[in-house]
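Participant: Each chain, written out:
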Amino acid sequence: MSTEHEKIQAELAKYQASVEKAVARFPERDHLPEQRLYTPLDIKDTDYADEISFPGVYPYTRGVQPTMYRGRFWTMRMYAGFSTAEESNKRYRMLIENGATGLSCAFDLPTQIGYDSTDPISEGEVGKVGVAIDSLADMEVLFDQIDLGKVSTSMTINAPASVLLAMYIAVAEKQGVPADQLRGTIQNDILKEYAARGTYIFPPRPSMRLITNIFEYCSKNVPKWNTISISGYHIREAGSTAAQEIAFTIADGIAYCEAAIKAGLKIDDFAGRLSFFWNAHNNVLEEVAKFRASRRIWAKVMKERFHAEKDKSMKLRFHTQTAGSMLTAQQPNNNIVRVALQTAAAVMGGTQSLHTNSRDEALALPTQESVTIALRTQQIVAYESGLADVIDPLAGSYYVEAMTNKIEAEAWDYIKKIDDMGGAVAAIEKGYIQKEIQDSAYKWQMDVESGARTIVGVNKFQMENEEPPKDLLKVDEAVGERQKAKVNELKAKRDNEAVKAALADLKKACQDEQENLMPHILAAVKTYATLGEICNVMREVFGEYEAHVSL
Amino acid sequence: MNIAEELLKGNRLALSRAITAIENEYDEATDIMKKLYPHTGHAYVLGITGPPGAGKSTLTDKIAREYRKQGKTVGIVAVDPTSPFTGGAILGDRIRMNGLTLDEGVFIRSMGTRGSLGGLSHKTADAVKAMDAFGKDIIIVETVGVGQSEVDIVKAADTTVVVLIPGMGDDIQAIKAGILEIGDLYCINKSDLDGADKLVREINMMLDLDSFMTDWRPPITKVVASQNEGISDLLATVEKHRDYIEKNGQLTARRTKRTRDEMLDILRSNIGAYIKGRIVDSGRLDAYVEKIRKRETDPYTVVGSVMKEMLR
Amino acid sequence: MEKKIRVLVAKPGLDGHDRGAKVVARALRDAGFEVVYTGLRQTPEQIAEAALQEDVNVVAMSILSGAHGHLFPKVVDLIREKGMDDVLIIGGGVIPETDIPALKEAGVAEVFTPGTPTGDVVNFIKEHVKL
Numbered sequence: 001m002s003t004e005h006e007k008i009q010a011e012l013a014k015y016q017a018s019v020e021k022a023v024a025r026f027p028e029r030d031h032l033p034e035q036r037l038y039t040p041l042d043i044k045d046t047d048y049a050d051e052i053s054f055p056g057v058y059p060y061t062r063g064v065q066p067t068m069y070r071g072r073f074w075t076m077r078m079y080a081g082f083s084t085a086e087e088s089n090k091r092y093r094m095l096i097e098n099g100a101t102g103l104s105c106a107f108d109l110p111t112q113i114g115y116d117s118t119d120p121i122s123e124g125e126v127g128k129v130g131v132a133i134d135s136l137a138d139m140e141v142l143f144d145q146i147d148l149g150k151v152s153t154s155m156t157i158n159a160p161a162s163v164l165l166a167m168y169i170a171v172a173e174k175q176g177v178p179a180d181q182l183r184g185t186i187q188n189d190i191l192k193e194y195a196a197r198g199t200y201i202f203p204p205r206p207s208m209r210l211i212t213n214i215f216e217y218c219s220k221n222v223p224k225w226n227t228i229s230i231s232g233y234h235i236r237e238a239g240s241t242a243a244q245e246i247a248f249t250i251a252d253g254i255a256y257c258e259a260a261i262k263a264g265l266k267i268d269d270f271a272g273r274l275s276f277f278w279n280a281h282n283n284v285l286e287e288v289a290k291f292r293a294s295r296r297i298w299a300k301v302m303k304e305r306f307h308a309e310k311d312k313s314m315k316l317r318f319h320t321q322t323a324g325s326m327l328t329a330q331q332p333n334n335n336i337v338r339v340a341l342q343t344a345a346a347v348m349g350g351t352q353s354l355h356t357n358s359r360d361e362a363l364a365l366p367t368q369e370s371v372t373i374a375l376r377t378q379q380i381v382a383y384e385s386g387l388a389d390v391i392d393p394l395a396g397s398y399y400v401e402a403m404t405n406k407i408e409a410e411a412w413d414y415i416k417k418i419d420d421m422g423g424a425v426a427a428i429e430k431g432y433i434q435k436e437i438q439d440s441a442y443k444w445q446m447d448v449e450s451g452a453r454t455i456v457g458v459n460k461f462q463m464e465n466e467e468p469p470k471d472l473l474k475v476d477e478a479v480g481e482r483q484k485a486k487v488n489e490l491k492a493k494r495d496n497e498a499v500k501a502a503l504a505d506l507k508k509a510c511q512d513e514q515e516n517l518m519p520h521i522l523a524a525v526k527t528y529a530t531l532g533e534i535c536n537v538m539r540e541v542f543g544e545y546e547a548h549v550s551l
Numbered sequence: 001m002n003i004a005e006e007l008l009k010g011n012r013l014a015l016s017r018a019i020t021a022i023e024n025e026y027d028e029a030t031d032i033m034k035k036l037y038p039h040t041g042h043a044y045v046l047g048i049t050g051p052p053g054a055g056k057s058t059l060t061d062k063i064a065r066e067y068r069k070q071g072k073t074v075g076i077v078a079v080d081p082t083s084p085f086t087g088g089a090i091l092g093d094r095i096r097m098n099g100l101t102l103d104e105g106v107f108i109r110s111m112g113t114r115g116s117l118g119g120l121s122h123k124t125a126d127a128v129k130a131m132d133a134f135g136k137d138i139i140i141v142e143t144v145g146v147g148q149s150e151v152d153i154v155k156a157a158d159t160t161v162v163v164l165i166p167g168m169g170d171d172i173q174a175i176k177a178g179i180l181e182i183g184d185l186y187c188i189n190k191s192d193l194d195g196a197d198k199l200v201r202e203i204n205m206m207l208d209l210d211s212f213m214t215d216w217r218p219p220i221t222k223v224v225a226s227q228n229e230g231i232s233d234l235l236a237t238v239e240k241h242r243d244y245i246e247k248n249g250q251l252t253a254r255r256t257k258r259t260r261d262e263m264l265d266i267l268r269s270n271i272g273a274y275i276k277g278r279i280v281d282s283g284r285l286d287a288y289v290e291k292i293r294k295r296e297t298d299p300y301t302v303v304g305s306v307m308k309e310m311l312r
Numbered sequence: 001m002e003k004k005i006r007v008l009v010a011k012p013g014l015d016g017h018d019r020g021a022k023v024v025a026r027a028l029r030d031a032g033f034e035v036v037y038t039g040l041r042q043t044p045e046q047i048a049e050a051a052l053q054e055d056v057n058v059v060a061m062s063i064l065s066g067a068h069g070h071l072f073p074k075v076v077d078l079i080r081e082k083g084m085d086d087v088l089i090i091g092g093g094v095i096p097e098t099d100i101p102a103l104k105e106a107g108v109a110e111v112f113t114p115g116t117p118t119g120d121v122v123n124f125i126k127e128h129v130k131l
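Chains as they are written, first to last, in my numbering: chain A, 1 to 551; chain B, 1 to 312; chain C, 1 to 131.
Heads up, some of the hints might be wrong.
Some chain C residues near chain B, calculated using beta-carbon distances under 7 Å [as the list claims (entries may be wrong)]:
id: 1; residue: Asp30
id: 2; residue: Val35
id: 3; residue: Lys74
In silico DSS-like links for lysine-lysine, alpha-carbon gap of 27 Å or less [claimed, not checked]:
id: 4; chain 1: C; residue 1: Lys82; chain 2: C; residue 2: Lys3
id: 5; chain 1: B; residue 1: Lys155; chain 2: C; residue 2: Lys104
id: 6; chain 1: B; residue 1: Lys198; chain 2: B; residue 2: Lys240
id: 7; chain 1: B; residue 1: Lys9; chain 2: C; residue 2: Lys104
id: 8; chain 1: A; residue 1: Lys474; chain 2: C; residue 2: Lys104
id: 9; chain 1: C; residue 1: Lys104; chain 2: C; residue 2: Lys74
id: 10; chain 1: A; residue 1: Lys486; chain 2: C; residue 2: Lys3
No lab work stands behind these hints: they were computed from the structure.
Note that CB positions come from ideal geometry on N, CA and C, so glycine has one too.
The shape of chain A in the complex, shown without the other chains (with noise of 0.2 Å):
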């Protein structure tokens, strides 16, 4: 220890005396993090130059951009996206109005796990929780008047990403936009749907195939496009701790590596379009050091772990979004408040993209006014707060840095068990992530019910007679049958015989694991096959995934 450290140690002590004397008289509150306050003492261990470094330089803990935010904000994307295409389309042109510099679109659960409308599984769920897509027709509406040339666009699709990608491929060659200037993102991050959010369709191995055949048709043919982002928030919506989400996704993240260098391709050739999606919590802090961690362990996995030796390849790159479990029901407005600080989180943390939450959407989907609310939040943080002008402000923080040490050890230590049985696949067919997530929500919840966590206006503070909000947003509930109509409709007068032969096509090439499945999507789509008659295919080759459940 050197002689600095052994005189804050004295010091230290000598506060921690006097402090216990204090305590005694006015007792701490409850519930409290164990350490009252951390030291150069916490970090004296910490070599700066190996472990935090500088913005943009390895292993990238201060961030992957070497100027940050003085360079130009994050890419404000919101989420959004209901009922049928052209209400969709009018949203995203009145959030490209008001200075969203991206879209995001939300896609409802049919789409999601790729049944048609017209599906009777379907009923009740069209058009609820994102827009309804069924065909490349829906599709040209919900981008009509947009420049697929100068947007990037995020589409929240998993389980049939590579169809809804081949359908965006298809509109923009309809406007004139070459696949190669395509930016934007698809979620295609099957092994979080099994664990967390449950949009599967699918078993692991076929669907770890349709992600290589993207990562290695996108690396040559749509090279600005990010072919998967790797998603820790929905695990952490689904309840887990900030330390289990990164470490869960950084495994995830493994897994897809590993799959896609086992079909043949080279680590330097699709990691660098690997991108990760996380949560912002309340807890400023613990999430700013997460952000931090996340990319410290990246950076190491991919130097170590698969000898990448591009930069680019060990930059974590994310999106990140607010976290909606942490919106209450109670007192709406208080939400404002919530994303603002977690915004704050998300902006020490160097995301690479935002989406803020409305204030109603723990009771429905955003108002108009609730989003644009949401925006200024952005906004506000951006041009006002001065959060956004120094770089990583946090790092040196005793706390902080002390804090990214302990999330990124306790990840670590994730990481190995999942290793040790068998990487992320193995370890979500156990049942082991699911299991570790459930207990850790289950404790919150119990957390909160006893006391010992506080929710304001939940468990403290509550009003008495609150009036529910009004003026939620409500979807027609007519949109289904529009949409049943639409799609009944295209049937009869698309040429059935081409679609038929493109699906018999897409049959034959399911069924040669040497395939990639890309091409022949692609070509199905362009016949205005729908969703549902494409995964339909698909999954009377591939079968579906059945969930592993215990409670």
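Could you slot chains B and C onto chain A? The hints should help.
Facilitator: Chains B and C in isolation, oriented as in the chain A frame:
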């Protein structure tokens, strides 16, 4: 609703209510069972047991589907442990059989062990009878094979399948030792995992050592239930076992022994309840206990005189 | 006699958000109930049939996708059609206050919105269940 009558007419809600009556020990349960009894004895009962995580529910699901393909109707009694601390239970087997829910030829009922000592096997046996009377061809009783009460449950089966999976380490030794004698068949699930062949060798070794071995040597079948692999092979061995015990009279012997055990069980619990009711209600029990405590008498003498008095 | 409250916790529709359903399932178990959880993507027909086969006293459904207006009443109708008149049917999820009267009208006994302590659900069941 007249539960027994409706059940015999094929009313599924009546079957469900009958099992509730059995499970909750409603007074009417005895009457229901009396009416159902003449209609039982037709179903073949398959017991499935093994350690937690062996994939028993998935296997049960696939077996049921296979029987359905053969045109047979299936009843399933799935037993899950009740928490000894809260008395609650998550009955989680059904979730792996969701695909069977809307098949009218299948009826699935989940039961918690409810911490009852011995009573559980009696209840599951009656639930099986209710399904039997309802007309199910095959009844599968699925339970975790770790405790004595669970082992008792599968003893009620005509053929018992013990399910194991590779790579369970040392835990498996104890479990295997405990359930060795009850397995008519062994099934290695998840046999695509490493260690499946090793497990087969271990079981074979144990079977070699088994001195009680009759001329039936339990076959070992490898399956991957989640992929539906090996299920028809497994059912072929079930068929073989059935054939074997039918031909050599063991099936009749087993069922006779079961009836005898059941009879004694009912007798014991009824007499016990009757006597207990009388001496508790009259306050005599407390008086006896006090005397015994003071060593003025002993439990054996007291019981002797109570029996003499009440069972005259 | 050993009566136990039996509850079917069900996720109708296509939404995969089961955090709430699973937390409630565990809390009900810890309250001493027997809980059958259906898992995701159950049709109203499957839920009603599972309720019948398990002879549950309570069916507790969770939907976060906004499809409650369509799916909850359908499950109620199917359960009643099967002659299970005394089954207590409750629902929860992201459900706007204004939708609740119609759901109650349709036979859903109570609707629990986000932020409800699990203890409230347990108490409601204990007070209203018919054994």
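Participant: Failing hints, ascending?
Facilitator: Result: hints 3, 5, 7 and 10 break, sorted rising.
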